[in-house]
Every structure is written in C-alpha cells, then in structure tokens.
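Taken in sequence, the protein lines are chains A and B. At position 187 of the first sequence the residue is numbered 187 (our numbering), and the sequence of numbers has no breaks. At position 165 of the second sequence the residue is numbered 165 (our numbering), and the sequence of numbers has no breaks.
No wet-lab data here; the hints were simulated from the structure. None of these values were measured; they are calculated from a predicted model. Treat the hints with care, as some may be off.
What the hints assert, rightly or not - Listed below are the simulated DSS-like cross-link pairs for lysine-lysine, each with C-alpha atoms no more than 30 Å apart in a straight line:
id	chain 1	residue 1	chain 2	residue 2
1	B	Lys3	A	Lys48
2	A	Lys188	A	Lys71
3	B	Lys119	B	Lys3
4	A	Lys188	A	Lys3
5	B	Lys188	A	Lys169
6	B	Lys169	B	Lys3
7	B	Lys141	A	Lys188
8	A	Lys48	A	Lys3
9	B	Lys71	A	Lys188
10	B	Lys188	A	Lys71
11	B	Lys119	B	Lys169
12	A	Lys119	B	Lys71
13	B	Lys71	B	Lys188
14	B	Lys188	A	Lys48
15	A	Lys188	B	Lys48
16	B	Lys115	B	Lys141
17	A	Lys141	A	Lys119
18	B	Lys169	A	Lys188
19	B	Lys3	A	Lys3
20	B	Lys71	B	Lys169
21	A	Lys3	B	Lys48
22	A	Lys188	B	Lys188
23	B	Lys119	B	Lys188
24	A	Lys3	B	Lys188
25	A	Lys115	A	Lys188
26	B	Lys71	B	Lys48
27	A	Lys141	A	Lys169
There are 2 protein chains.
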Amino acid sequence: MRKISESTVRRLSLYLRFLEQFAAHGQTTISSAELARRGGTTSAQVRKDLSFFGSFGKRGLGYSVTELAAKIRDILGLRRTYRVILVGAGRIGGALVQYPGFRQRGFHVTAIYDKDPHKVGSRWNGLVVRDVRHIEADLAKEPTDIAIVVTPAEAAQDVVDRLVHSGVKAILNFAPVQLAVPADVVVKSVNMALELETLSFSLSNR
Amino acid sequence: MRKISESTVRRLSLYLRFLEQFAAHGQTTISSAELARRGGTTSAQVRKDLSFFGSFGKRGLGYSVTELAAKIRDILGLRRTYRVILVGAGRIGGALVQYPGFRQRGFHVTAIYDKDPHKVGSRWNGLVVRDVRHIEADLAKEPTDIAIVVTPAEAAQDVVDRLVHSGVKAILNFAPVQLAVPADVVVKSVNMALELETLSFSLSNR
Numbered sequence: 001m002r003k004i005s006e007s008t009v010r011r012l013s014l015y016l017r018f019l020e021q022f023a024a025h026g027q028t029t030i031s032s033a034e035l036a037r038r039g040g041t042t043s044a045q046v047r048k049d050l051s052f053f054g055s056f057g058k059r060g061l062g063y064s065v066t067e068l069a070a071k072i073r074d075i076l077g078l079r080r081t082y083r084v085i086l087v088g089a090g091r092i093g094g095a096l097v098q099y100p101g102f103r104q105r106g107f108h109v110t111a112i113y114d115k116d117p118h119k120v121g122s123r124w125n126g127l128v129v130r131d132v133r134h135i136e137a138d139l140a141k142e143p144t145d146i147a148i149v150v151t152p153a154e155a156a157q158d159v160v161d162r163l164v165h166s167g168v169k170a171i172l173n174f175a176p177v178q179l180a181v182p183a184d185v186v187v188k189s190v191n192m193a194l195e196l197e198t199l200s201f202s203l204s205n206r
Numbered sequence: 001m002r003k004i005s006e007s008t009v010r011r012l013s014l015y016l017r018f019l020e021q022f023a024a025h026g027q028t029t030i031s032s033a034e035l036a037r038r039g040g041t042t043s044a045q046v047r048k049d050l051s052f053f054g055s056f057g058k059r060g061l062g063y064s065v066t067e068l069a070a071k072i073r074d075i076l077g078l079r080r081t082y083r084v085i086l087v088g089a090g091r092i093g094g095a096l097v098q099y100p101g102f103r104q105r106g107f108h109v110t111a112i113y114d115k116d117p118h119k120v121g122s123r124w125n126g127l128v129v130r131d132v133r134h135i136e137a138d139l140a141k142e143p144t145d146i147a148i149v150v151t152p153a154e155a156a157q158d159v160v161d162r163l164v165h166s167g168v169k170a171i172l173n174f175a176p177v178q179l180a181v182p183a184d185v186v187v188k189s190v191n192m193a194l195e196l197e198t199l200s201f202s203l204s205n206r
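The shape of chain A in the complex, shown without the other chains (with noise of 0.2 Å):
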C-alpha cells in the first residue's frame, strides 16, 4: 500500500462521517462532488484520496455508501474495538470519558487513573479511579491500545515514560507539552489553547 499522509486520513475519517449520515437516510449511492461539498474540499481531491483503496466507484453512477463506508473503516483499523487508558481525571479528562463518539467508533475506555487520593476510588462513567502507581501492573496483566494523557504538563513525560515502557503503542496526549517517545511510539497532540493562540495569531496578521 502508499503512504498515506495524516491529512489523508483526516479527510478519510470526515467522509466516513458523512457516509454514515447517508446510509442513515437511506441514501445508496454517493458522487465524488457531493463528498467533495460536504467535505469543503474538491472532487479531485476525494477520487485521489479514494483512489488508495483502488479503483471500486462506477462512473457516472458513483460510490456505494455502504462499500464505501466499510472500505474506510477498514483503512482506518474500525473493525474492531480498541482498548483506551485514561491518565487524568480532571475536567477534560471527564469530559473525554463520557464522549459519546469514542464507544461509537468503538474506543472503549476501560480504566481511569489519577495520584489524587480524594479522586482514586471514586466512580466516574462506571469506573472505579485507580492510583496511577497501578498502570504497570495492570498493563501487564491487562494491556491496552491507546493511551489518553490528561495529566499537567511537569507529570505528562514521566507517566508516558511509564506508558511506554508498559508497552502502550499510541497516545492521546492533552498536557501542554512535547512528549519524547521512541520512533514505534505514535503520539497525537491537541492543546487547546494553543487552537485558541492560532486564531488569536491570525486575528492579529489579518
């Protein structure tokens, strides 16, 4: 297979939504134009990103919502479920734990952990908090896929370190912070003020 490239992926992971909001509306069929203006990007541009998959859309009468839905799904690694940590039960972290999207696509997060003592122990979306002190431990008797980090930026390094060495593969990480990890380690970062200082940088050289 080609490389994909991430912003690639991002569209694809778009058109699968939109897919997906066809087939509930019974539609059966799709063009590459109508993906193209859902998308705010071009025909062109959704026929190359499709064309990874390999040629499988008909001309003239387009894409089938449903092929073209599974073929997404399975580039993307949606066919199956995917165990999902959560290291931080702060706000963001609360809010993470309870997003609908997440069981929807099928990331299931199954433990919450925080070194608070007033947190551990205490239930959050049916989960118990556990210690943070735990993770190796019940990463080896119990690994998982992903790793969201929800920590403050100085406890961020040290828990992925741990993650890492627990043998955790990808991360989510929330903490206002550049994570070093090994090259097979894949870490995707959001920060949200920092979302907020690009727009601020472009209100600003308008």
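Starting from the known structure of chain A, fit chain B onto it as the hints suggest.
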C-alpha cells in the same frame, strides 16, 4: 513580515510555554539547543522559527527568556485579551469553559449559548446560559473576537452562518463537520474521535 506557517505558529506557542516555565524558575537566558530539546525539535529549527522576528539572540549567550517570551506573545497576538463566546452547553463545553489555560492566556469566555430550554438560564462558571436565538442581538451590542462551537454536527453550520453574519472572524469548532465560511473567517477544527482514528490508523498500518 514573511508568511509564518501554522506549524511554526504551533511551535512558537510551545516555546512560549517553556519560556514561561523557565522564567518561573528564575532562569534568565536560554539556548536554542535547550528550547529544541524541550520542544522535540532541532536547534536549527528553533533558530529558523525565531528568525521571523529578526536577529536578537546573542551568539554564545542564547536568548533572554523574558525578551523572547514578550516577542512571541507579540507575534501570537497575546498582548491583549480576547472575548470568546461558547455555543453549546454540553460536556465538552463544560470542560472548556472551566479550562484555566484559556483565561491565563487572555481568552475570556463572556457568554454561553444553548438552545435546550432546560439549559437556558442555568449558571455555568459564573455565566448564565443564554438562548441561542439571542446571538445576533447580543453580538450587535457586544462583538466577540472568537466563537467556540460545540454543538451537534447537524446544528453547527447554521450556528456558524449566524456567527459569521454577526461579524465573528475566528471560530474554534468541535462539531464533527467541515464548516463552510467566507475567506476572511478562520476556522480551526478539533475532533476528539478523529484524533483517535489517526491513532487506530497508525496501529493498523505499522
């Protein structure tokens, strides 16, 4: 000024965080190597990023922490405060409105809107949730710099059209939908499930 790419803007935001941490610890100068190490990049990249401001580091002495922080705040438009409104009083909205990083950076949430009559009138972080139908009238009286949209996907474009019509020029979008806006409006989209999908893609294609 030369055009600054979004990835440069994001690194500048990160450097600013590190500089503030260094300043808090009483450090007065910093080398490009130290910034690079913290930022997970190279000294050459740091020097290139900072060269946008002209030359002001002293060879062998590094950069003045406070001077560099002030210059980055300047370029990011952080010498002033920004009015931010939030549309959608759900769980993610709740986490965002209480996010301490926003106010520290000068982003002040001044109003929250929802269309759910059960939420309208309730108090959130010191603000009373207002009916979304007041957006135009409110913004006519008191314009906002930035709007954060945390509505369901199907409501987002309509809300954004109304925000744009009311003069909003910068939008942070959490709804899982691609938004259409005029060329003079900047939109940043954050989609939690999509971030996880780039991870599942990486895990499935390693």
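| message | Tell me the numbers of any earlier hints that the structure contravenes, in ascending order. | response | 3, 7, 12
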